[in-house]
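If you read the protein sequences in the order shown, they are chains A and B. Using my numbering, the first residue of the first sequence is number 1, and each one after it goes up by one. Using my numbering, the first residue of the second sequence is number 1, and each one after it goes up by one.
Since the hints were made in silico from the structure, they are not lab data. Don't take every hint at face value.
[Unchecked claim] Result set (DSBU-like, lysine-lysine): computed pairs, CA atoms no more than 35 Å apart in a straight line:
1) B:Lys57 to A:Lys96
2) B:Lys13 to A:Lys56
3) A:Lys96 to A:Lys67
[Stated by the list, open to error] Covered, in the sense of this in silico footprint (three residues per stretch, anywhere, with C-beta under 8 Å from a C-beta of chain A), are these stretches of chain B:
4) 42 to 54
5) 67 to 79
6) 101 to 111
[Claimed, not checked] Per label pair, the in silico range of CB-to-CB distance:
7) A:Gly59 to B:Pro8: 43 to 51 Å
8) B:Pro107 to A:Ser82: 38 to 46 Å
9) A:Asp78 to B:Gly3: 23 to 31 Å
10) B:Pro107 to A:Ser53: 17 to 25 Å
11) A:Asp78 to B:Thr38: 30 to 38 Å
12) B:Ser79 to A:Ser28: 37 to 45 Å
Predicted model only: the values in this text are computed from it and were never measured. Backbone N, C-alpha and C define an ideal beta-carbon position, used for all residues, glycine too.
Read off the chains here:
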Amino acid sequence: QKEVEQDPGPLSVPEGAIVSLNCTYSNSAFQYFMWYRQYSRKGPELLMYTYSSGNKEDGRFTAQVDKSSKYISLFIRDSQPSDSATYLCAMGGYNKLIFGAGTRLAVHP
Amino acid sequence: KAGVTQTPRYLIKTRGQQVTLSCSPISGHRSVSWYQQTPGQGLQFLFEYFSETQRNKGNFPGRFSGRQFSNSRSEMNVSTLELGDSALYLCASSLRVPSTDTQYFGPGTRLTVL
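Looking at chain A on its own, in the form it has when it is part of the complex (with noise of 0.2 Å):
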């Protein structure tokens, strides 16, 4: 078993769509929590980064974590053809940081 796991989809949804991203993880020694935004041929860039179990918001996008069932997750609103790219979860902690497989997300006009 991976100790992070992370639908690779791909997920295709319409603009303005709720869109609902998703990690669970088996250590429980992991403390940060961390999504990443990758969009063809360029690095991934940080998009939402907690420690703690509850929500994070940012414009439109929130972080969810629950330490309590290994289980995060990343919510965009009123998605837009521009937030298609690829979502990696991470997490860290311990001097370990591992990244999930990212989830490939399109977003159609």
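Following the hints, put chain B in place on chain A, whose structure we already have.
Same frame as chain A, but now just chain B:
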């Protein structure tokens, strides 16, 4: 502030050859990590350097090696290239150790092994 830069951006090599990739971190960042990204395996951790010392190493064969210089610039080397080494190699830098800090990625070097 300039971002993470990687050179070269594209590289084509043949089996058996060796390759050296270069990474310049964001100014002031002392931690540099290297990753291999492939469609099937996702982002796989290669190694991490902090102040010229390798702090962590991923599960890759000894053909993959790296180093960090006193100015925090880093290089990774792959010897005796195999077809399966074709991938996007990403470098990331951070102020502190990567497991607790935001990592800033470069654009990557796309290596094709023929």
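Each hint, compared with the structure:
no.: 1; hint: B:Lys57 to A:Lys96; verdict: holds, 10 Å
no.: 2; hint: B:Lys13 to A:Lys56; verdict: violated, 45 Å
no.: 3; hint: A:Lys96 to A:Lys67; verdict: holds, 17 Å
no.: 4; hint: 42 to 54; verdict: holds (count 3)
no.: 5; hint: 67 to 79; verdict: violated (count 0)
no.: 6; hint: 101 to 111; verdict: holds (count 7)
no.: 7; hint: A:Gly59 to B:Pro8: 43 to 51 Å; verdict: violated, 35 Å
no.: 8; hint: B:Pro107 to A:Ser82: 38 to 46 Å; verdict: violated, 19 Å
no.: 9; hint: A:Asp78 to B:Gly3: 23 to 31 Å; verdict: holds, 28 Å
no.: 10; hint: B:Pro107 to A:Ser53: 17 to 25 Å; verdict: violated, 34 Å
no.: 11; hint: A:Asp78 to B:Thr38: 30 to 38 Å; verdict: holds, 33 Å
no.: 12; hint: B:Ser79 to A:Ser28: 37 to 45 Å; verdict: holds, 38 Å
When each numbered hint is compared with the structure, violations occur for hints 2, 5, 7, 8, 10.
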